[in-house]
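Enquirer: Sequence:
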Amino acid sequence: MTDGEILIDHVDISRITLKHLRSHLSVIPQQPFLFSGTLRYNLDPLNQYSDEECWMALKAGNNLSVGQCQLICIARAILKKSKILLIDEATANVDKETDALVQKVIQEKFRHRTILTIAHRINTVASSDRLIVMNKGRIININTCNDILSRP
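Heads up: the sequence shown begins at 1 in the numbering used here, then just goes up one per residue.
A few of these clues could be false.
[Claimed, not checked] Straight-line alpha carbon distances no greater than 30 angstroms define the calculated DSSO-like cross-link-like pairs of lysine-lysine that follow:
hint, residue 1, residue 2
1, 59, 104
2, 19, 96
3, 109, 96
4, 83, 59
5, 83, 96
6, 83, 104
7, 59, 109
8, 83, 109
9, 109, 80
10, 80, 96
11, 96, 59
12, 81, 19
13, 109, 19
14, 81, 96
15, 104, 80
16, 59, 80
17, 109, 81
18, 96, 136
19, 19, 83
20, 59, 81
21, 104, 81
[As the list claims (entries may be wrong)] Per label pair, the in silico range of CB-to-CB distance:
hint, residue 1, residue 2, range
22, 41, 133, 34 to 44 angstroms
23, 12, 95, 36 to 46 angstroms
24, 136, 9, 25 to 35 angstroms
25, 151, 36, 40 to 50 angstroms
26, 98, 149, 36 to 46 angstroms
27, 146, 46, 35 to 45 angstroms
28, 81, 130, 35 to 45 angstroms
29, 81, 37, 21 to 31 angstroms
30, 3, 130, 13 to 23 angstroms
31, 21, 151, 26 to 36 angstroms
32, 51, 150, 44 to 54 angstroms
33, 140, 49, 39 to 49 angstroms
Don't read these hints as lab results, they were simulated from the structure.
Yeah, the Cβ is synthetic: ideal placement off N, Cα and C, and Gly gets one too.
Sequences and hints are given; from them, build the entire structure.
Expert: Below, the structure is given as structure tokens:
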């Protein structure tokens, strides 16, 4: 595939302003970043949420063992109630049990949201509706996990 369109919730993203797209998107990167300042500032840099909302977001992820930076990124996304979540190899450097825990929290908190996950572990994306398999930057397969795994 060399061309096409990208649809999010049946809307072509070329028809959405960048500001609108960013306001509905959270990114959980492989190498999470923190701002200088307090934990509260890292959770809510624009001061949009109450202390109670911040604590609720932290409690939702308090059983994760992926490190505080990862927890803060997940808590930010929970607070923001993002419609789109981009997860870029966020659990690549954790064990399979921690990966499973992170996936469970993300699935519970973002159940009816669009989640784009970049991963090398099949277990990380096994519950996804569709998988896009790429090789050297090119799409080579789009299908369900079961269909992809059933082919040689």
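Enquirer: Does each hint hold? Answer for all of them.
Expert: Hints, verified against the model:
{"no.": "1", "hint": "59 x 104", "verdict": "15 angstroms, holds"}
{"no.": "2", "hint": "19 x 96", "verdict": "36 angstroms, violated"}
{"no.": "3", "hint": "109 x 96", "verdict": "20 angstroms, holds"}
{"no.": "4", "hint": "83 x 59", "verdict": "21 angstroms, holds"}
{"no.": "5", "hint": "83 x 96", "verdict": "26 angstroms, holds"}
{"no.": "6", "hint": "83 x 104", "verdict": "17 angstroms, holds"}
{"no.": "7", "hint": "59 x 109", "verdict": "12 angstroms, holds"}
{"no.": "8", "hint": "83 x 109", "verdict": "11 angstroms, holds"}
{"no.": "9", "hint": "109 x 80", "verdict": "11 angstroms, holds"}
{"no.": "10", "hint": "80 x 96", "verdict": "27 angstroms, holds"}
{"no.": "11", "hint": "96 x 59", "verdict": "22 angstroms, holds"}
{"no.": "12", "hint": "81 x 19", "verdict": "16 angstroms, holds"}
{"no.": "13", "hint": "109 x 19", "verdict": "24 angstroms, holds"}
{"no.": "14", "hint": "81 x 96", "verdict": "26 angstroms, holds"}
{"no.": "15", "hint": "104 x 80", "verdict": "18 angstroms, holds"}
{"no.": "16", "hint": "59 x 80", "verdict": "15 angstroms, holds"}
{"no.": "17", "hint": "109 x 81", "verdict": "9 angstroms, holds"}
{"no.": "18", "hint": "96 x 136", "verdict": "26 angstroms, holds"}
{"no.": "19", "hint": "19 x 83", "verdict": "14 angstroms, holds"}
{"no.": "20", "hint": "59 x 81", "verdict": "15 angstroms, holds"}
{"no.": "21", "hint": "104 x 81", "verdict": "16 angstroms, holds"}
{"no.": "22", "hint": "41 x 133: 34 to 44 angstroms", "verdict": "39 angstroms, holds"}
{"no.": "23", "hint": "12 x 95: 36 to 46 angstroms", "verdict": "39 angstroms, holds"}
{"no.": "24", "hint": "136 x 9: 25 to 35 angstroms", "verdict": "30 angstroms, holds"}
{"no.": "25", "hint": "151 x 36: 40 to 50 angstroms", "verdict": "49 angstroms, holds"}
{"no.": "26", "hint": "98 x 149: 36 to 46 angstroms", "verdict": "23 angstroms, violated"}
{"no.": "27", "hint": "146 x 46: 35 to 45 angstroms", "verdict": "41 angstroms, holds"}
{"no.": "28", "hint": "81 x 130: 35 to 45 angstroms", "verdict": "23 angstroms, violated"}
{"no.": "29", "hint": "81 x 37: 21 to 31 angstroms", "verdict": "23 angstroms, holds"}
{"no.": "30", "hint": "3 x 130: 13 to 23 angstroms", "verdict": "19 angstroms, holds"}
{"no.": "31", "hint": "21 x 151: 26 to 36 angstroms", "verdict": "34 angstroms, holds"}
{"no.": "32", "hint": "51 x 150: 44 to 54 angstroms", "verdict": "50 angstroms, holds"}
{"no.": "33", "hint": "140 x 49: 39 to 49 angstroms", "verdict": "42 angstroms, holds"}
Consistency note: the structure conflicts with the earlier hints numbered 2, 26, 28.
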